[in-house]
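Trainee: Each chain is listed here by its residues.
There are 2 protein chains.
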Amino acid sequence: MAEKLKIIPLGGLDEIGKNMTVLEYGKDMIVVDCGIGFPDEEMYGVDLVIPDFSYLVKNAAKLRGMFITHGHEDHIGSIPYCMQEVNCPIHGTAMTNGLIKLKLDEHRLSDKVKLVTHKPGDVVKAGCFSVEFIHVNHSIADAVAFAIRTPAGTVVMTGDFKIDPSSTDGMTDLARFGQLGNEGVLALLCDSTNVERQGYTPSENTVAESLDRLFKGCDQRIVVTTFASNMYRIQAVLNTAQRYGRKVAVTGRSMENILKVGQELGYLKVPEGLIVELGTIKNLPKNKIVIVSTGSQGENMSAMYRMAFSTHKQVDIMAGDRIIISASAIPGNEKAISKIINELYRKGAEVVYEKSEGLHVSGHACQEELKIIHALCKPKFFIPIHGEQRHLQIHGKLAVQMGMNRRNVFIAELGNVLELTAKSCKFNGSAPVGMVLVDGYGVGDVGSVVLRDRKHLAQDGMIVVCVNLSGQDGSVITGPDIITRGFIYVKESDELIEEMRQVAMEAIDRCRAKHVRDWSAIKSAIKNDLSGFLYKSTKRNPMILPILMEI
Amino acid sequence: MAEKLKIIPLGGLDEIGKNMTVLEYGKDMIVVDCGIGFPDEEMYGVDLVIPDFSYLVKNAAKLRGMFITHGHEDHIGSIPYCMQEVNCPIHGTAMTNGLIKLKLDEHRLSDKVKLVTHKPGDVVKAGCFSVEFIHVNHSIADAVAFAIRTPAGTVVMTGDFKIDPSSTDGMTDLARFGQLGNEGVLALLCDSTNVERQGYTPSENTVAESLDRLFKGCDQRIVVTTFASNMYRIQAVLNTAQRYGRKVAVTGRSMENILKVGQELGYLKVPEGLIVELGTIKNLPKNKIVIVSTGSQGENMSAMYRMAFSTHKQVDIMAGDRIIISASAIPGNEKAISKIINELYRKGAEVVYEKSEGLHVSGHACQEELKIIHALCKPKFFIPIHGEQRHLQIHGKLAVQMGMNRRNVFIAELGNVLELTAKSCKFNGSAPVGMVLVDGYGVGDVGSVVLRDRKHLAQDGMIVVCVNLSGQDGSVITGPDIITRGFIYVKESDELIEEMRQVAMEAIDRCRAKHVRDWSAIKSAIKNDLSGFLYKSTKRNPMILPILMEI
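One line per chain: the protein sequences are A and B, in this order. Residues in the first sequence are numbered from 10 upward in steps of one, following the numbering used here. Residues in the second sequence are numbered from 10 upward in steps of one, following the numbering used here.
Since the hints were made in silico from the structure, they are not lab data. Hints are supplied without guarantee of correctness; some may be wrong.
Since the list can't tell identical chains apart, any single copy or any two copies may satisfy a pair.
[As the list claims (entries may be wrong)] Listed next, the in silico DSBU-like pairs over lysine-lysine satisfying Cα-Cα at most 30 Å (straight line):
#1 13 to 532
#2 344 to 380
#3 322 to 71
#4 356 to 435
#5 225 to 15
#6 344 to 36
#7 36 to 295
#8 536 to 500
#9 348 to 380
#10 344 to 464
#11 545 to 322
#12 128 to 256
#13 123 to 500
#14 295 to 406
#15 322 to 464
#16 380 to 464
#17 380 to 523
#18 225 to 123
#19 548 to 110
#20 406 to 225
#21 121 to 348
#22 110 to 545
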């Protein structure tokens, strides 16, 4: 039997984020992207979510390289965790590698991992694969798609992209997609994030125009907050400030970082003297200042948050300040952003944030742009990626509308193994996948049991019942003592706590009367009785921990 | 000194929900609305938020009545809690009182509280106040505004409203607002919810048109989910079903309730034979069925949720079903709704939910409608209500744009006392206000301490350290035993737990060596040492509970 090309999504399907895809052929394997996911609201205390790397570990000998489309967290964030388990060269563009390097430094992995920098047009050999870098537009500089030559045929992976004909660094390389289509594309794996939206995503240029409108004639201080990773946007703010004779001060760690990296790598052109120290702006007139800040997603303790709530050491928002929020809310962040906006209004600031103001554009392709890619690539098989179930399904329908046979569309689940030959594609088997939770230094030590307990504790708090029992006859020597946290306000609940003591004591007495000496049975009795009593009297269900000690 | 009219907002400012306003003059006091607020994501385990009623309790002797604008939870939800503390007649329209009665029944208060039903146009005397009911459009039937005659002048309170000229039960009574304006309005208290939106809110009729488009020619089963309280919407679904020869089955408790109450009170016209039992629909062809369901906000365990996740006892979603989500997400519910939509797609259903489909309209007035009310009422003083800080501020600006003197706009904080005469309005003093948290049967027993503990427990779980110390010399008799919940997966953490035991033991030994016998000092030592050790080794900060028992 001839070898087949295997495509295995390890992340990025049925979810937004955690993007990671394996391509395997015979003794060779490569990985595209290695991102983090974000914990949902039920994952109490979890910092981030990474893919399960066990398939890579098991096949480490085959691993020829990792290829990264761009430098957003959901495409690079898991690299340090992955590189602690396997090792291979990482290939990316200059900007992408700049951001990866910051991560590797932080995890002290820079010496161990080889980072290789390429330009669009470059072709990289990795085992039987050869990977071509193709320029695409996205909300971060230096993003690429990949055309991956395999013995079974060419696979095109778009990464995150949109088509912006007036982008300052050139439009997505549609000509190249077209050539590839003419040569024959076996499979297309395409970004599905914006597939629900009709039409086209507006150009990043429209934001620059909006900024101009808001700077023009403004005689107040201006504060702009946006995504630190969007260098185009930051450049536009710098240019607009320069045009209107304002100095720029920067606040927030990731914004300071990006300014440094962006300048070093030549992605940001900063006119001399434009940037000033935050501490010096008090000496400037209000209409000569722009503050560029992190916190566009309402992040707690971000620079914007601290300025709004007067806990920033250097800057406080003043009445009359014009605050420009050049971002839209990532789902789940609406309330946090709203909280900051309310506080800014309370201080008498003018806040500009409405969609209608044209202060943000998406980084992802809408329906018409997706159709262009489908029409250019003319793939034999189509595998929608980067999306929740609904995005994948709608993208599948879009492909069918574009003339593709319904049976050539493959909506995969994470871990599904897709086997391709030059003529066929089918599901065959599966690889281990899952969410590995990162909490502090712990990777994977928080699982469903711990999360269930955290949720239980969060809902109704907990009660510890401490008793010392006699080793001889099981009688109570001291206790039961009741300690509660997160259940009720103890200082006003003496009576209830005394009742709980009684209930626990009766449970122990009952066990003793029945000659029950098995401690787990006594614990169960205490737990059940107390739980019933508390539900009846408070309609709450705290966690109950009976602790028995033998004397 | 002559008496003054006091207006005191007890809820509904700087927040969406919990609406409640006090009007007081001399020995008379009335209350308008008595709603609940919804806990934010940091209020772990809290079911709902109600206003602080202590100002009412303190002035109970003055209380002449409570007036309710409409039957939404954020205007009636706190009534049962309030009526346990004070008692007065409650005045509302038929639909509003129907919904209040359900609540009073549930809390066994129906016998104690007098509900008085009125129609638009009615005028109710309450002490020195007389309150006129004025018909307005909103997303629930039988909503009213109030014109309140006081010795100081007329106060107009809009309640929640919009202006829908093609509403099936007639447009908001603009003529009456105009007459009041001509007679002279002292103060306007106006809904600010949609003040950020330009233009007009579309008519509820447009939703009926969209439903028609989606029913027409559909040969599949149709499932519609919407807000149970929107009788207009439900009537439109019934009418459309009738028109296309489909039977209607209803699922979800609140939807069943509303169908019953709506029919009893004559707000829903249900053609005979249209409604069928859910259990019988399996005998009908697919194109003869509409299922009307709760769950438009993605509520866990709602009928829609259960149908999507195959835990509904009677109905499962099938490939081809057309699911119509006739609602938009209330901020904070986006992810829950998205989860259901993904599951529906996974089952092969067709889901219609986009804004562009015209499946929902707001119940609140946009800018142009607000301007109409301002222009008609021509109030001397303006107090924006029902909104977060930004809504209040923007509404204030809108009033100024409409020609009002900036000094006549009063953006109040909860509890501010506004004192009005026929010619003046000013802030003077404050009343106690706040959020009272309801958790199970407990009202107010969960406060900041309990919430802080719940948050701490939710983040990193907890550790109990149990030690028996000798009463004679403070030496360790048994323990320290370590019990954790929500911290780490215990079965794979033997080593860490043993280290924790060591750290605790060393802390105790150190205390003993220093002849420390004060138990709280020993507890602190255990807590500090363990906490430092754990942060260093895991970067987590679980709650640590040392329990010392003396033998």
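Trainee: Between the shortest in-copy and the shortest cross-copy C-alpha distance, which are at most 30 Å for residue 356 and residue 435: within, between, both, or neither?
Mentor: between (60 Å within a copy, 21 Å between copies)
Trainee: My question is about residue 344 and residue 464: at a cut-off of 30 Å on alpha-carbon distance, are they close within one copy, between copies, both, or neither?
Mentor: This pair counts as both: shortest intra-copy Cα distance 21 Å, inter-copy 18 Å.
Trainee: For the identical chains here, do residue 536 and residue 500 meet the 30 Å Cα criterion within one copy, between copies, both, or neither?
Mentor: both (23 Å within a copy, 22 Å between copies)
Trainee: 30 Å Cα cut-off: does residue 295 pair with residue 406 within a copy, between copies, both or neither?
Mentor: between (53 Å within a copy, 23 Å between copies)
Trainee: Cα distance capped at 30 Å. Does residue 13 pair with residue 532 within a copy, between copies, both, or neither?
Mentor: neither (58 Å within a copy, 64 Å between copies)
Trainee: At most 30 Å between CA atoms: does that hold for residue 348 and residue 380 within a copy, between copies, both, or neither?
Mentor: between (39 Å within a copy, 27 Å between copies)
Trainee: Quick one: residue 548 to residue 110, C-alpha cut-off 30 Å, is that within a copy, between copies, both, or neither?
Mentor: For residue 548 and residue 110, only the inter-copy Cα distance (23 Å) is at most 30 Å; the intra-copy one is 53 Å.
Trainee: With 30 Å as the alpha-carbon cut-off, assign the pair residue 344 and residue 380 to within, between, both or neither.
Mentor: between (34 Å within a copy, 28 Å between copies)
Trainee: How do residue 36 and residue 295 come out at 30 Å by Cα distance, when the copy is not named: within, between, both, or neither?
Mentor: neither (64 Å within a copy, 52 Å between copies)
Trainee: Is it within, between, both, or neither for residue 123 and residue 500, if the alpha carbons may be no more than 30 Å apart?
Mentor: So residue 123 and residue 500 fail the 30 Å test inside a copy (60 Å) and across (37 Å) alike.
Trainee: Using 30 Å as the alpha-carbon threshold, which applies to residue 380 and residue 523: within, between, both, or neither?
Mentor: neither (75 Å within a copy, 77 Å between copies)
Trainee: Give the relationship of residue 322 and residue 71 under a CA distance limit of 30 Å: within one copy only, between copies only, both, or neither.
Mentor: For residue 322 and residue 71, the Cα distance exceeds 30 Å both inside one copy (52 Å) and across copies (49 Å).
The earlier numbered hints that this structure contradicts are 1, 3, 5, 6, 7, 12, 13, 16, 17, 18, 21.
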